[in-house]
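Chain A is fixed; fit chain B onto it per the hints.
The listed protein sequences derive, respectively, from chains A and B.
Residue numbering for the first sequence follows the numbering used here, beginning at 9 and increasing consecutively.
Residue numbering for the second sequence follows the numbering used here, beginning at 28 and increasing consecutively.
One thing to keep in mind: the hints can contain errors.
Unchecked claim - Looking from chain A toward chain B, a few residues come up when the C-beta cut is under 7 Å (computed): (1) Phe38; (2) Ala50; (3) Met56; (4) Phe79; (5) Gly102; (6) Phe109; (7) Gly110; (8) Lys111.
To be verified - Derived pair list, reagent style BS3-like, types lysine-lysine, alpha-carbon separation capped at 27 Å: (9) A:Lys49 x B:Lys84; (10) A:Lys48 x B:Lys36; (11) B:Lys36 x A:Lys111; (12) A:Lys49 x A:Lys75.
Keep in mind the hints are simulated off the structure, nothing from the lab.
Cβ coordinates follow ideal geometry from the N, Cα and C atoms, glycine included.
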Amino acid sequence: EDKVVQSPLSLVVHEGDTVTLNCSYEVTNFRSLLWYKQEKKAPTFLFMLTSSGIEKKSGRLSSILDKKELFSILNITATQTGDSAIYLCAVMGGSNYKLTFGKGTLLTVNP
Amino acid sequence: NAGVTQTPKFQVLKTGQSMTLQCAQDMNHNSMYWYRQDPGMGLRLIYYSASEGTTDKGEVPNGYNVSRLNKREFSLRLESAAPSQTSVYFCASSRTSGDTQYFGPGTRLTVL
Chain A
9 EDKVVQSPLS LVVHEGDTVT LNCSYEVTNF RSLLWYKQEK KAPTFLFMLT
59 SSGIEKKSGR LSSILDKKEL FSILNITATQ TGDSAIYLCA VMGGSNYKLT
109 FGKGTLLTVN P
Chain B
28 NAGVTQTPKF QVLKTGQSMT LQCAQDMNHN SMYWYRQDPG MGLRLIYYSA
78 SEGTTDKGEV PNGYNVSRLN KREFSLRLES AAPSQTSVYF CASSRTSGDT
128 QYFGPGTRLT VL
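With the rest of the complex left out, here is chain B:
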């Protein structure tokens, strides 16, 4: 039982490049989330998926897209990376929207 897994662990991009961050959970959770964490800013919600087949914007969605591929997987895509998107990205999941969220190990992304 791995919990929440994320790939890759680290990534360096050049401005304008695209990439997809992958997240999977094996806890049979219905809800999944993407956060970014920046120094002095705390964790901020980018997008979330309350259940399979639904996605909604969080606090900071601009420059990102998401796909809830199936119940297990929730990916985050940067279409044209910008230096302002340099951050640590965390995926989380919960049994339902109102339950405790469990976090993956994070992806450290640097955009040059």
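Pulled out of the complex, with its shape left as it was, chain A reads as follows:
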């Protein structure tokens, strides 16, 4: 059975801090790993990672994948209150490209 485990489950930081969110996985026939940000409504896409060691970056957010150790990290530098959200990690695998989600990390950024 495919499994995605995120840690920590919740995190409270102050504005300006840097945070690292973790995602480890076990999946048959790995194809890609995705990060989403979920505020009050729909998950919104952040990154898709398919190759090990190549950092993807968007503003203050960056992510990297390690296919040997089966994990990914999402970094957020100089956090802002608008970064408060649930961050979801999902792994695509199998013959049907099924997406398996972790339970998410709830990030709270206090002013």
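Below, chain B without anything else, positioned relative to chain A:
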């Protein structure tokens, strides 16, 4: 370009009632999905449609049926709602099965 839209936004049902959740996308995507999200459980796939004319079961299909009406629309039907189906339901679409999935705003369903 609205992306993925879902109706209704909220719904309250009594046990045993039926209803259909509607989803449409205007991105010309081939693949569409239905998920449910419950506290502490993450997002779980109910059904998906890899392309127009095909549908397949996901992780939690029991109690649900789907219809891929055309390339744009993918509906989810609850024939006889149960309290265990109280959840937030998300529809998603992707260009093909292996591409990034984009989500709709969700439907919050309560079954009493």
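For each hint, the structure was consulted:
The beta carbon of Phe38 of chain A comes no nearer than 12 Å to any beta carbon in chain B, farther than 7 Å, and the hint placing it at the interface is violated. At its closest, the beta carbon of Ala50 of chain A sits 4 Å from a beta carbon of chain B; the interface hint therefore holds under the 7 Å criterion. Restraint check, Met56 of chain A versus chain B: the minimum CB separation of about 5 Å is within 7 Å; hint holds. Interface hint status for Phe79 of chain A: violated, as the beta-carbon distance to the closest one in chain B is roughly 17 Å, over 7 Å.
Contact between Gly102 of chain A and chain B, as hinted, is not supported at the beta carbon level, the nearest pair being about 10 Å apart and thus beyond 7 Å. Annotation: interface hint on Phe109 of chain A holds; nearest CB of chain B at approximately 4 Å, less than 7 Å. Restraint check, Gly110 of chain A versus chain B: the minimum CB separation of about 6 Å is within 7 Å; hint holds. With its C-beta approaching chain B no nearer than about 4 Å, Lys111 of chain A sits inside the 7 Å limit, and its interface hint holds.
Among the hinted pairs, Lys49 of chain A with Lys84 of chain B is consistent with the structure: their alpha-carbon atoms are about 25 Å apart, no more than 27 Å. Of the supplied pair hints, the one linking Lys48 of chain A and Lys36 of chain B holds, its CA atoms being roughly 13 Å apart against a limit of 27 Å. Simply put, Lys36 of chain B and Lys111 of chain A have alpha-carbon atoms about 23 Å apart, close enough for the 27 Å limit, and the pair holds. For the proposed pair Lys49 of chain A and Lys75 of chain A, the alpha carbon gap of about 31 Å is over 27 Å, so the pair is violated.
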